[in-house]
Each structure stands twice: as structure tokens, then as C-alpha cells.
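Chain residues, written in single-letter form:
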Amino acid sequence: MSEADKPAAAGNLDSAPDSSAGAPAPRAAKGGSGKKPPLSEARRRENRRRFIRSALLATGVVGFSLLAYVPVVSAKGRRLRPPGALEEADFLASCIKCGQCVQVCPVEAIKLGDLVDGFGIGAPHIDAREQACDFSCDAVQCVLACPTGALVYSDKREPFLKMRDGVKLPDKPILKAKEKDADPRLEIRERIGVARLARPDACLAVQGKGLKGVARDGDFDGRMRYMDVDRWKPIRIQDHPYDLELCDLCVRECPIKDAIKLEPLTEGGGKRMVPKVLEGCVGCGVCEMICPVDAAAIVVDAQAEWKKS
Amino acid sequence: MKGRLLDQIMIMLGREPRKPETFTESAARIHLYKKTNKVDFEALKEHARAHRARVNSWRNRRWVVLILANLLFVFSFWLDIQILEGALTASRFVGFHMIDLNSALQVMLAHKHIIVNLLIGTVTIFILWMLLGGRTFCSWLCPYHLVAEWAESLHLRLVERKIVTDHIFHRGTRTVFWVLFSVLTFVTGYTVFETISPTGILSRALIYGPGLALGWIALLLLFEIFYSRRAWCRYVCPIGLTYGAVGILSPVRVLYRLEQCFHEGDCRKVCLVPHVLDVVIKGRSPDAEVPIGPDCTRCGLCVDTCPSGALTFNIKGLSKLL
Chain A
1 MSEADKPAAA GNLDSAPDSS AGAPAPRAAK GGSGKKPPLS EARRRENRRR
51 FIRSALLATG VVGFSLLAYV PVVSAKGRRL RPPGALEEAD FLASCIKCGQ
101 CVQVCPVEAI KLGDLVDGFG IGAPHIDARE QACDFSCDAV QCVLACPTGA
151 LVYSDKREPF LKMRDGVKLP DKPILKAKEK DADPRLEIRE RIGVARLARP
201 DACLAVQGKG LKGVARDGDF DGRMRYMDVD RWKPIRIQDH PYDLELCDLC
251 VRECPIKDAI KLEPLTEGGG KRMVPKVLEG CVGCGVCEMI CPVDAAAIVV
301 DAQAEWKKS
Chain B
310 MKGRLLDQIM IMLGREPRKP ETFTESAARI HLYKKTNKVD FEALKEHARA
360 HRARVNSWRN RRWVVLILAN LLFVFSFWLD IQILEGALTA SRFVGFHMID
410 LNSALQVMLA HKHIIVNLLI GTVTIFILWM LLGGRTFCSW LCPYHLVAEW
460 AESLHLRLVE RKIVTDHIFH RGTRTVFWVL FSVLTFVTGY TVFETISPTG
510 ILSRALIYGP GLALGWIALL LLFEIFYSRR AWCRYVCPIG LTYGAVGILS
560 PVRVLYRLEQ CFHEGDCRKV CLVPHVLDVV IKGRSPDAEV PIGPDCTRCG
610 LCVDTCPSGA LTFNIKGLSK LL
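Respectively, the protein sequence lines represent chains A and B. Position 228 of the first sequence, counted from 1, bears residue number 228 in the working numbering, the numbering being contiguous throughout. Count along the second sequence from 1, then add 309; that gives the number in the working numbering.
There may be inaccurate statements among the hints.
What the hints assert, rightly or not - Below, computed lysine-lysine pairings styled on DSS-like, alpha-carbon distance capped at 25 Å:
id: 1; chain 1: A; residue 1: Lys162; chain 2: A; residue 2: Lys180
id: 2; chain 1: A; residue 1: Lys168; chain 2: B; residue 2: Lys471
id: 3; chain 1: B; residue 1: Lys421; chain 2: A; residue 2: Lys162
id: 4; chain 1: A; residue 1: Lys111; chain 2: A; residue 2: Lys233
id: 5; chain 1: A; residue 1: Lys261; chain 2: A; residue 2: Lys176
id: 6; chain 1: B; residue 1: Lys578; chain 2: B; residue 2: Lys343
id: 7; chain 1: B; residue 1: Lys471; chain 2: B; residue 2: Lys343
id: 8; chain 1: A; residue 1: Lys209; chain 2: A; residue 2: Lys233
id: 9; chain 1: A; residue 1: Lys156; chain 2: B; residue 2: Lys421
Hints listed in this document are in silico derivations from the structure and should not be mistaken for laboratory results. A quick note: this is a predicted structure, and the numbers were derived from the prediction, not measured.
All chains, please: the whole structure from these sequences, using the hints.
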């Protein structure tokens, strides 16, 4: 079919249909109008402008989305992820940002990232001082809820996924609350952080001080499960006052067996003790939440590795 | 017919619609009739215009569905009724995985690994939207679509008062975005698009509470009100293109009937994607009945607007079956 045989050009809206379709179409049949008419100068200018506008739009939107790199590469922004989280890069790649983990957490420990988290927007994290994960769900519900395996049980973890040495726990951690159950272990073998006595001078145990009253004052809203109160119903920490000769809350309330202990302070003698974090520490952050001094004497370093000292 | 589908796909990717080269016999007859009986045709047109009642029934139905679906997400969490848990990116409907196709694609590109759960949820959603019409997701479910629709009416009012003008972009930009975001996601290993996706941001804001990210939504809406009509949905959003591709063979579509059309163009004025309605221009319809292309969001605004019933919702094969 030669150029001239083609029916009327686009843009000629009123022209009749092709003659081959059975109806007479005088203008099209005569041919000659097959070639596209050259664009007018104004039209060409508008096309050029539209192209530049489109290129700017693409650059702008993609540029903005890449700004999200900034918080990710700055080491300051390390977030405490929920238990069973993959290593940060894999975690952010595989998390689909749906928040199903948020919905199942009985103590509402999990929050989602915002614009300031860059690529971590919509990805879950835990602010331990506000509300730590105390494993009061027993089965690590957030891992069960995760549809993409960004949070995953250790035995379901794909072998190709990297894991730094100091992240692997020596064994599956034993949950104190489940100690009398048939299998008291949690199905995870990776820590999400490591606790560290950041301000030993402020620690009540180090000072030899006790604690009478609530652990956290003001309008603190954090909750925790107390086995002697109700295994399945976490209560507000405010509703659970203490009367202790020597403060040992970080050890007493740690949900994991053999993760932290109190050691006597050799020098000075007397009843002064110091909390010592053990290799079993999962990094759940309960010690940071329960620490009665402000700011907390013991903190969790998110995504930190265990270093044998 | 095959050629036409390919044509519609190319138009979805960004090509300008063209006048068809061939017409079916019935289409040619109707075109010719309209041309040669101008007086009758005008009289019919006037009659239709006089009896025309402005209806919003499809729009209202759609808004109700969109709002209820999003509220179901919200209440599943707030009231703990657990019917639809998660957000639009991924959820469980009474326990069954439902995964947004574009989000799943991004996660797999970033993670470079196929996740079984993800695949199951994706297949469910793929079948659902393939049956319901692909971009039906956009207009019947996406919360950004709704707020953008409201921003659009503001924009149109400003345009009418000549306070702002609409700046159009090349529609192919969206295809470029789709490719760019896929490549970026694969290269960086981060779900780049998710960071700025107003669909995900709004869905999460509704369910889990507002955040700074809503500032980005506000910025987008301002851009659409003052600079370019429906810019995000028309020229940027890769989700729309993904679902558009899913809906290529969908049986649920809007059907155009040339015979009933007066070529007044009201439908194209209300349409989010007016290039799919190119066939309604006088002399452009290659057939007496043309299903509207895959880029159509099945929003029903044209069906509501059409004074003569030339555009209707239609399910392929259903009329034959009945």
C-alpha cells in the first residue's frame, strides 16, 4: 500500500471512512492527503515545551525519591527492628511496608517509619524506651504476620541471606515466661541489638540504691506482661509498683533467660552491684524501657553485634 | 481486532491515538449516515440534550466502595475485627494473603528473590483485578485517587475562572517512570517507589495514623490544583501502568456504541485518561462497538456523563450468555 493510498490523515476529523469499508468516501479515495501535514511552528514549540516539562518532572520526582538515601546511609538512623528481622539492607528490600506486624503486637511496640526514615518509610521499628518488645505474645507474632519474610523464623531463613557473626545467638533463646512449657524456646536465632550499660554512674544498682514505687513516672504509658498478674494480658508498668532493697529491674524483668545478670562490684564492697549483659541478650529493649532513671542507664544498641570482651 | 488491542496498549504506554486506517462496514455506514443526514442528526442531538438528566450514580457507587474498602482496613485494626489486616501494599483478607502487584514487583526486584507467600498473594490479586478490569484498582480502591478527584474539581474551577492553566506532560513519562523505578529498585536494592507512593503513604496514614509523609501528599495535590490536572495519576504512577497491563484482557470494560453517540465530547472532558476515549471523536470509531482500552480506570464518569447512553459498562460475553 503506497503512501498515497492511505486514508485521510489524522487530525482531519471530519473526513469520511475508508472506501474499502463499503461506503463511498470521495475525499479519501482521491488520495493525496496521505502524508502528515508538517507541524505548525506553534505546535512544534508546544511539543518542545512539553518534552522539557516532562523531563523536568521525571528528574524532579526521581531526584526526590533518591533523597531517601540520606537517612539510610547515615549511621545515626539505625533503628531497632522487630525480632526475626533480616540484616538491614535485606530487611528494607524485602519489607513491603504493610504494617501487619504492627497489628498483631499485643503491647503495640512496633511503629512504622516516616518520611525521615528515607527508604525505611512504612517499615517497622521499635522505640525501646517508649515501648519495648517483651515477647508477651510468646510466639513472635510479628514474624508470623510478615507476608514477605522480612521478619522470619530462624529455621525458615533462606541460606543465601547474609548474617554478621555477632548477630547470631549462641542458641535459641529461652523465654522465662515459657520455662514450664514443653518447648520454652523462641524460634529466632538472631539478635536485633545488644544491651549496654551506657551510664553506669546513674545506675541505681551501681549506686547501691533500691526502688520504692513505680519504675517509670509521669504519664508513661508503656506496658508489659507480668506472669504473676496475667500471662495473656500485659498491664501498664505504672500499675505495677515495686519495693526493692536494691534495684535489679533490668535483670528481674528481662524476658530472656541468661541474657543479663547482676555482679557484685568488687571495689567498695557492700551491696553495690553492676548489671552485666550476657551473650544471650536478644536486644529486645525491656531493660531500657524499665530502667527507672532518666535517661535510661542501660540502653539497647540497635543492630549491634555481640563482642566478646 | 488484534491490531486494535495492540494499538490500545501502545496508547497506554504513551503513543498518541491515531485515526484508524480501516473501518468495519457497520461503522462506515453509521459514519456516513451521520455525515449525510446532518439535519436529522442535529435534531436528535437537541432532543437528547433537552432530556438529559445529570447523574452521578456510578461516581457515587464508586466513592462508597472506595471509602468502605479503606474503612474496612482501618476498622480491622482499630476495632480489631480482623477482616482485612494490613495496608493496600499487602494484607490478609480473612487470613488469605493479598499482595499489591506493583509492591510485590518492587520487593522482588529489590530483594532479588521470589518469596512464596508473596507469589500466592500476588496470584490472587492478579486474578481478581484481571477479572475486574485492572485499573479498576485505581478508581475504586486507591485512596489517593479520591483526594486527587477532589483536588481536580478545585483545579477545574480555577481553570474556569482563568486563574490557572493546565500544563500537560507527555503521557509516555509514566512508562519512563515505570522503567526508571524498576531499574533503580533493582540497582539500589531499596523499594524506591514505595518511598514516595501516595497510595501506600495514604493507606498507612489512614490505618496507622498520620505522619510527615502527608506533607508529600499535600505537595502533590497543590501541584495538581495549580499546575497540572491529575498529574500523578496521568503521568507518573507506575501502579496505574502495572494494573493497566493486568487489565488488558479484562472482561469488565466500558463499551462504546457509535450509533448512539453525538460526538459532543462531554465524556472526554471528565475523563482521567481521555486518550482512551479517542474513538468518540467524530469519524474515529473503527467499529460500531468498541471496548475502551486498558488504560481506562472504569471510573464510570463517562457513563454518568454521556447523555445518550453511548458509553456503558459491559461484561464481555455476558450478553451472549444471557
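Hints, one by one, checked against the model:
1. A threshold of 25 Å between alpha carbons decides the hint, and for lysine 162 of chain A with lysine 180 of chain A the separation of about 34 Å lies outside it, so the pair is violated.
2. Pair hint lysine 168 of chain A plus lysine 471 of chain B does not hold up; C-alpha atoms about 65 Å apart against a cutoff of 25 Å.
3. Under the criterion of a C-alpha separation no larger than 25 Å, the hint pairing lysine 421 of chain B with lysine 162 of chain A is consistent with the structure, at around 13 Å.
4. For the given pair, lysine 111 of chain A sits about 20 Å from lysine 233 of chain A by alpha-carbon distance, which is consistent with the 25 Å threshold.
5. Our distance criterion of 25 Å between C-alpha atoms is met by lysine 261 of chain A and lysine 176 of chain A, whose separation comes to about 14 Å.
6. The suggested pairing of lysine 578 of chain B with lysine 343 of chain B holds, with an alpha-carbon distance near 22 Å, which does not exceed 25 Å.
7. Of the supplied pair hints, the one linking lysine 471 of chain B and lysine 343 of chain B is violated, its CA atoms being roughly 35 Å apart against a limit of 25 Å.
8. The suggested pairing of lysine 209 of chain A with lysine 233 of chain A is violated, with an alpha-carbon distance near 31 Å, which exceeds 25 Å.
9. Taken as a hint, the lysine 156 of chain A and lysine 421 of chain B pair is honoured in the structure, with Cα atoms around 17 Å apart against an allowance of 25 Å.
This entry does not satisfy hints 1, 2, 7, 8, going by the numbered hints stated previously.
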